[in-house]
Amino acid sequence: MLELNKITIIGGHGKFGEKEPLEGLDLNMGDIASIVGPTGSGKTALINDIGMFADGNSPSGRRVLINDREPSKEFLEDPSKNPIALITQHTSFLSDLPVYKFLGLHARIRKTGKPESMVEETIDFANQLTGEPIIVDSAMTELSGGQSRALLIADAVIIGNTPIILLDEIENAGIDRSKALELLRKYDKIFIFVTHDLGISLLSNYRLVMKEGGMQAVIVTEEEEKRMAEKFKTMDEIMLHFRNRIRAGNRLEEQELRELLKRAQSVLMGESGK
Amino acid sequence: MKIIICAGPPTSGKTTVLKQAVKRLITRGYKLAYLKIDVQYADEDEMFREEFGIPARKVYSGELCPDHCSVLVLGDAVKWAQQAEADFLFVETAGRCLRCAPYIEGCLGIVVLEATSGMNLPRKIGAMLTLADVAVLTKIDLVSQAEREVFRVNITDVADVSVVEMDALHGINIDPIIGLIEKTPDAGEHLLLRGSPPVATCTICVGKKDIGWEKHFGIVRSLDSDLFYRGQ
Ligand SMILES: Nc1nc2c(ncn2[C@@H]2O[C@H](COP(=O)(O)OP(=O)(O)OP(=O)(O)O)[C@@H](O)[C@H]2O)c(=O)[nH]1
Ligand SMILES: Nc1ncnc2c1ncn2[C@@H]1O[C@H](COP(=O)(O)OP(=O)(O)OP(=O)(O)O)[C@@H](O)[C@H]1O
Ligand SMILES: [Mg+2]
Ligand SMILES: [Mg+2]
Ligand SMILES: [Zn+2]
Numbered sequence: 001m002l003e004l005n006k007i008t009i010i011g012g013h014g015k016f017g018e019k020e021p022l023e024g025l026d027l028n029m030g031d032i033a034s035i036v037g038p039t040g041s042g043k044t045a046l047i048n049d050i051g052m053f054a055d056g057n058s059p060s061g062r063r064v065l066i067n068d069r070e071p072s073k074e075f076l077e078d079p080s081k082n083p084i085a086l087i088t089q090h091t092s093f094l095s096d097l098p099v100y101k102f103l104g105l106h107a108r109i110r111k112t113g114k115p116e117s118m119v120e121e122t123i124d125f126a127n128q129l130t131g132e133p134i135i136v137d138s139a140m141t142e143l144s145g146g147q148s149r150a151l152l153i154a155d156a157v158i159i160g161n162t163p164i165i166l167l168d169e170i171e172n173a174g175i176d177r178s179k180a181l182e183l184l185r186k187y188d189k190i191f192i193f194v195t196h197d198l199g200i201s202l203l204s205n206y207r208l209v210m211k212e213g214g215m216q217a218v219i220v221t222e223e224e225e226k227r228m229a230e231k232f233k234t235m236d237e238i239m240l241h242f243r244n245r246i247r248a249g250n251r252l253e254e255q256e257l258r259e260l261l262k263r264a265q266s267v268l269m270g271e272s273g274k
Numbered sequence: 001m002k003i004i005i006c007a008g009p010p011t012s013g014k015t016t017v018l019k020q021a022v023k024r025l026i027t028r029g030y031k032l033a034y035l036k037i038d039v040q041y042a043d044e045d046e047m048f049r050e051e052f053g054i055p056a057r058k059v060y061s062g063e064l065c066p067d068h069c070s071v072l073v074l075g076d077a078v079k080w081a082q083q084a085e086a087d088f089l090f091v092e093t094a095g096r097c098l099r100c101a102p103y104i105e106g107c108l109g110i111v112v113l114e115a116t117s118g119m120n121l122p123r124k125i126g127a128m129l130t131l132a133d134v135a136v137l138t139k140i141d142l143v144s145q146a147e148r149e150v151f152r153v154n155i156t157d158v159a160d161v162s163v164v165e166m167d168a169l170h171g172i173n174i175d176p177i178i179g180l181i182e183k184t185p186d187a188g189e190h191l192l193l194r195g196s197p198p199v200a201t202c203t204i205c206v207g208k209k210d211i212g213w214e215k216h217f218g219i220v221r222s223l224d225s226d227l228f229y230r231g232q
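The listed protein sequences derive, respectively, from chains F and S. Residues in the first sequence are numbered consecutively from 1, following this note's numbering. Residues in the second sequence are numbered consecutively from 1, following this note's numbering.
Calculated from the structure, these hints are not laboratory results. In this text the structure is predicted, and so the values were computed from the model without any measurement. Just to be clear, a hint being listed does not mean it is correct.
To be verified - In silico SDA-like pairs for lysine to any residue, Cα to Cα no more than 25 Å straight-line:
{"id": "1", "chain 1": "S", "residue 1": "Lys19", "chain 2": "S", "residue 2": "Gly53"}
{"id": "2", "chain 1": "S", "residue 1": "Lys124", "chain 2": "F", "residue 2": "Ala139"}
{"id": "3", "chain 1": "S", "residue 1": "Lys208", "chain 2": "S", "residue 2": "Leu192"}
{"id": "4", "chain 1": "F", "residue 1": "Lys73", "chain 2": "S", "residue 2": "Glu46"}
{"id": "5", "chain 1": "F", "residue 1": "Lys233", "chain 2": "F", "residue 2": "Arg185"}
{"id": "6", "chain 1": "S", "residue 1": "Lys183", "chain 2": "F", "residue 2": "Lys233"}
{"id": "7", "chain 1": "F", "residue 1": "Lys73", "chain 2": "S", "residue 2": "Thr16"}
As the list claims (entries may be wrong) - Stretch by stretch, here's where chain S covers chain F in the computed footprint (C-beta under 8 Å, at least three residues):
{"id": "8", "segment": "28-35"}
{"id": "9", "segment": "189-200"}
Virtual Cβ for every residue (Gly too), placed ideally from N, Cα, C.
Modelling step: build the complete structure from the supplied sequences, incorporating the hints.
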C-alpha cells in the first residue's frame, strides 16, 4: 500500500453556491480530526468527497489531493489500492451473506493478509465493542445496529488496514465508544470522525466546523479543553454506569449517584491536569 | 453517430445515470437523441424532452422480449437520430429477458446495477452483464463501503467488465462514464448484435398459452430432451 503522509482538501462551495470560508485543509499522518456541525450541515457530504477523491465534480466542487498530488485512478478501481476506509452512517446491511463469508470476500479483495486469520481478528475486534458477541454463521442482515457498526469498524481497521479511516457518527449505534476510541488510537493513521459527541471532538487534535454545506473554520483543541475533556469523561463514566445498570435490568438508586458524584468531586471541581 | 446502449434491472438507476451523462454532454456542446424501450410503461421520453430539450421517444415491446424488440426497431431509430443530427443516440432498455442482451458490436454497452440488490444478482442476469463493456454500480450512497466492495467483486468474478461506482443521484463519479462515451467509435453502416442471442421468438413468446411442448412450434424441448426444431 502507498506511503501516505498527507491528504489535502481544497475548498469548493457550500449548499447555496457560496464560496467556502475555509479555503483548504491539510491532514497529516497521525492526525485525529473531528467534523462537527448541525444536522444537515454537510458533514457526511464532506467525508464522502474525501472517500470518493472528489475532483471538482461532486455537488460541493471540492478537490482532494493525496501527498500533494492528484489521487491515482487506481484508488477507486481496485479496493486493495484504496488508502481510505469509510465507515458510513448506515447501521444496517443489505447483504444476505453469512458474516464469515462476507468478511472472507472482503479480505480477499483488500489483500491485507490471509483471509481466514483476517476474519478471525476482525470478529475478535468487533466483539470487544458489542454487547453480545457476533455469531459468524448468521447473515449480515441479522446483525443489530450496534453489531453492524462494530463489525464495520473492525473491518476497516483489520481488513482495510488503510492509512486513512473516516468514521461517520460511530456514537449513534450503542457501541462502547470509549473502548472504540481506545482501540483505534493504538494505530498510527489519519482518523476523521464525523461526530456530535463531546468526548470524541475534544479528543481530536482539531475540529472542522461545518455550516450550510461549507467548511467554516478549524479549531485546535487547547489545553483547557483537554482538561475539560477529562471531566466530561468522568461525567460520562457515571452516566455509562447507570446506563449499564438499566441495560442489565436493575433499578437505579439516588444514593449511589450521590456517592459516585462525591467520589468524582475532586476531578470535577479541581483544576486537574496541571 | 455513436450509439450508447444502457440496460439493467428495473429501478436500478439507468435513467438517473443517463440524465447525469446527458447533462454533462450537452454542456460540452454535443447533440443527443434518446430512445426508451420498455415492456408496457415508460415516461422517460417526456422527461428527456422537457428537461434537456432533446429529441426523445419510446417503444413498448408488449408481447415481444424487449431485447428482441430492440433488434427490430433500432435500425429505424438510428435513421431517426441521424435525421435529428445527433452525435449520440442513447438507448435505455428494460432488459427483462435476462437471457438476451441488447448490446451492439462497436457501440458502448452499459449495464446499470444497484448496490442495494442481492449479492447474487450478478450471477443471475447472464448476458445483460457478461456482454456489457462497463457495469455502473449505483446507490453506493445507501450501502457501506465494505458492502459495495464485496458487490464489486461479485460482478468481476462473473464478468470481464470494468466497474464504476456511482452516487447517480448526485452524479458523483460520472466522469469515467463520460470518458467511455466520448471514446466510443462511430457506429458502422452494418450493425450487429453482440453475442449469440438465445431462441426466443417461439410460439410462447407470441402468445400461445397451451402447456406442453407438443402444442408448440419452432425450437422446443421436452423435459428430458435437448432443444430440437419442430416444424409446422
Ligand atoms: N440514493 C440513490 N438513489 C438512486 C441512485 N440512482 C437512482 N436512484 C433512485 O432510484 C430510483 C429509480 O431510478 P431510475 O433511474 O428511474 O431507474 P431505472 O433503471 O431507469 O428504472 P426503469 O427505467 O423504471 O426500469 C429513483 O427514485 C432514483 O432517484 C443513487 O445512486 N442513489
Ligand atoms: N457543499 C455542498 N454543496 C451542495 N450540497 C451539499 C453540500 N454539502 C451538503 N450538501 C447536501 O446537503 C444535504 C445534507 O448534508 P449531509 O447529509 O452531509 O449532512 P450531515 O451534516 O451529515 O447531517 P447529519 O448530522 O444529519 O448526518 C445532502 O443532501 C448533501 O448532498
Ligand atoms: Mg451525516
Ligand atoms: Mg428508466
Ligand atoms: Zn429475450
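Consistency of the hints with the structure:
no. : hint                : in the structure
1   : S:Lys19 - S:Gly53   : 12 Å, holds
2   : S:Lys124 - F:Ala139 : 20 Å, holds
3   : S:Lys208 - S:Leu192 : 29 Å, violated
4   : F:Lys73 - S:Glu46   : 36 Å, violated
5   : F:Lys233 - F:Arg185 : 16 Å, holds
6   : S:Lys183 - F:Lys233 : 58 Å, violated
7   : F:Lys73 - S:Thr16   : 24 Å, holds
8   : 28-35               : violated (count 0)
9   : 189-200             : violated (count 0)
When each numbered hint is compared with the structure, violations occur for hints 3, 4, 6, 8, 9.
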